[in-house]
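Respectively, the protein sequence lines represent chains F and G.
Counting from 1, one number per residue, gives the positions in the first sequence under my numbering.
Counting from 279, one number per residue, gives the positions in the second sequence under my numbering.
Check the hints yourself; a few may be wrong.
Coverage of chain G stretches by chain F, computed from C-beta distances (three or more under 8 Å per stretch; other residues unrestricted) [to be verified]:
#1 306 to 318
#2 328 to 340
So the derived list for chain G, only partly shown, Cβ under 7 Å to chain F, looks like this [unchecked claim]:
#3 Arg281
#4 Pro367
#5 Asn368
#6 Met369
#7 Leu370
#8 Leu371
Label pairs and their calculated CB-CB ranges [said to hold, decoys possible]:
#9 Arg335(G) to Glu163(F): 19 to 27 Å
#10 Lys193(F) to Leu320(G): 39 to 47 Å
#11 Gly20(F) to Ile282(G): 23 to 31 Å
#12 Asp321(G) to Arg91(F): 37 to 45 Å
#13 Leu320(G) to Gly20(F): 44 to 52 Å
#14 Asp166(F) to Ala291(G): 43 to 51 Å
#15 Val346(G) to Gly44(F): 41 to 49 Å
#16 Thr352(G) to Gly44(F): 35 to 43 Å
Hints are computed from structural coordinates only; laboratory data are not their basis.
Quick reminder that beta carbons are idealized off the backbone N, C-alpha and C, glycines included.
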Amino acid sequence: MSRPEHIAPPEIFYNDSEAGKYTSNTRVQQIQAEMTYRALELLGDNDGQTPKFLLDIGCGSGLSGEILDEEGHYWLGCDISPSMLSIALERDLEGDLMLSDIGSGVHVRAGSFDGAISISVLQWLCNADSTSANPGSRLMRFFNSLYAALSRGSRAVFQFYPESDDQVGFIMGFAQKAGFSGGLVVDYPNSRKAKKFYLCLFAGVSGKEVQMPAAKTETGTVSNVGRQSQSTHRPPRTNIKHSAKDHINHKKHLQRQKGKQGVPLDSKYTGRKRRDGF
Amino acid sequence: MCRIEIREQEFNADFIRAFFPKLDYGVLKSTLESLGDDSLKLDSVEDIDGQPEDFLRLLHKVLLEMDVTQGEMTCGNCQHKYQINEGIPNMLLGADEI
Ligand SMILES: C[S@@+](CC[C@H](N)C(=O)[O-])C[C@H]1O[C@@H](n2cnc3c(N)ncnc32)[C@H](O)[C@@H]1O
Numbered sequence: 001m002s003r004p005e006h007i008a009p010p011e012i013f014y015n016d017s018e019a020g021k022y023t024s025n026t027r028v029q030q031i032q033a034e035m036t037y038r039a040l041e042l043l044g045d046n047d048g049q050t051p052k053f054l055l056d057i058g059c060g061s062g063l064s065g066e067i068l069d070e071e072g073h074y075w076l077g078c079d080i081s082p083s084m085l086s087i088a089l090e091r092d093l094e095g096d097l098m099l100s101d102i103g104s105g106v107h108v109r110a111g112s113f114d115g116a117i118s119i120s121v122l123q124w125l126c127n128a129d130s131t132s133a134n135p136g137s138r139l140m141r142f143f144n145s146l147y148a149a150l151s152r153g154s155r156a157v158f159q160f161y162p163e164s165d166d167q168v169g170f171i172m173g174f175a176q177k178a179g180f181s182g183g184l185v186v187d188y189p190n191s192r193k194a195k196k197f198y199l200c201l202f203a204g205v206s207g208k209e210v211q212m213p214a215a216k217t218e219t220g221t222v223s224n225v226g227r228q229s230q231s232t233h234r235p236p237r238t239n240i241k242h243s244a245k246d247h248i249n250h251k252k253h254l255q256r257q258k259g260k261q262g263v264p265l266d267s268k269y270t271g272r273k274r275r276d277g278f
Numbered sequence: 279m280c281r282i283e284i285r286e287q288e289f290n291a292d293f294i295r296a297f298f299p300k301l302d303y304g305v306l307k308s309t310l311e312s313l314g315d316d317s318l319k320l321d322s323v324e325d326i327d328g329q330p331e332d333f334l335r336l337l338h339k340v341l342l343e344m345d346v347t348q349g350e351m352t353c354g355n356c357q358h359k360y361q362i363n364e365g366i367p368n369m370l371l372g373a374d375e376i
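When you get a sec, could you build the whole thing from the sequences and use the hints?
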């Protein structure tokens, strides 16, 4: 199957019909949700107390933003496709939306965000969609402006579909030039279908060294492919502390206790287990 | 033409306190005034932690609940106008504008 980013520029590829098909596909919904949870985990979304103000880069129709809502974060989503954004509008999410091309930079006040996530977007930036657009300078402008937009010590996590190792290196080179440290976390590296790439970037750190988060593997061994990766030999994590369902129900419980209105009802679908492979 | 809507959101005092230092209060105040809203009375805020909850609720309202659904933003440097449609600012630039 050819890659969408080879077919047409994103704002053309994600037209009304494709945006509709994408958003209503239940398998897409599940995968995007699962990857968003994982990105939040890699973001170090741990205290669960004060909500964060997050940037959702290439937010599309808000399949990822929906999870940010669910987790109680405030967020701004940007995307280049008007069709995707108009579906996001219809879906009545809490976050704010902006029509913009990340290759021209992230247009926000410096230090605005406590973190950023981006689900299934970054590979798009590697494709020049017009003769004047050079992927290298677009990536550079993007990472420079993203670095400025993040508060010091915060992180950006990108799930993406790299075409090759070279492409990973190409992208990471620009991130590094922009001042980010970090590296790549490859989940389920031995599974053709479940294998997922997460680029975890740190925007300036407060004194202490950053440790790359561990990847998830079928067998539970930890493997890191990061520029800063140290082999920490922490106990392997085959599973998250508690099930997603427990976690969500716990959060909902807290929100209800705080008197929040409109906390989604629990259902048999709440945090349902999504299979890792297909 | 400019249109403003209010979209209620859950109030979280901790979030507002944590968010405040990232903000240019003066710009927020003048932006609101340009929209005909003079609800921010203080000229500057030294210490957000010393502010009463009423003030935090006011910030919550103008930062998180007030939505400019129709209007335009003018860049202070280059005077470029960015349109806001259905609450979504259009920040796309022509190839020659980047
Ligand atoms: C596979 S969709 C993912 C959407 C959303 N993050 C999700 O998880 O459902 C990829 C999105 O990236 C957006 N995109 C691609 N290139 C972009 C660019 N240069 N600037 C902003 N958005 C872009 C597309 O418009 C599309 O909505």
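Consistency of the hints with the structure:
no.	hint	result
1	306 to 318	violated (count 0)
2	328 to 340	violated (count 0)
3	Arg281	15 Å, violated
4	Pro367	5 Å, holds
5	Asn368	5 Å, holds
6	Met369	4 Å, holds
7	Leu370	6 Å, holds
8	Leu371	6 Å, holds
9	Arg335(G) to Glu163(F): 19 to 27 Å	50 Å, violated
10	Lys193(F) to Leu320(G): 39 to 47 Å	57 Å, violated
11	Gly20(F) to Ile282(G): 23 to 31 Å	30 Å, holds
12	Asp321(G) to Arg91(F): 37 to 45 Å	40 Å, holds
13	Leu320(G) to Gly20(F): 44 to 52 Å	47 Å, holds
14	Asp166(F) to Ala291(G): 43 to 51 Å	49 Å, holds
15	Val346(G) to Gly44(F): 41 to 49 Å	33 Å, violated
16	Thr352(G) to Gly44(F): 35 to 43 Å	38 Å, holds
Taken one by one, the earlier hints fail for this structure at numbers 1, 2, 3, 9, 10 and 15, listed in ascending order.
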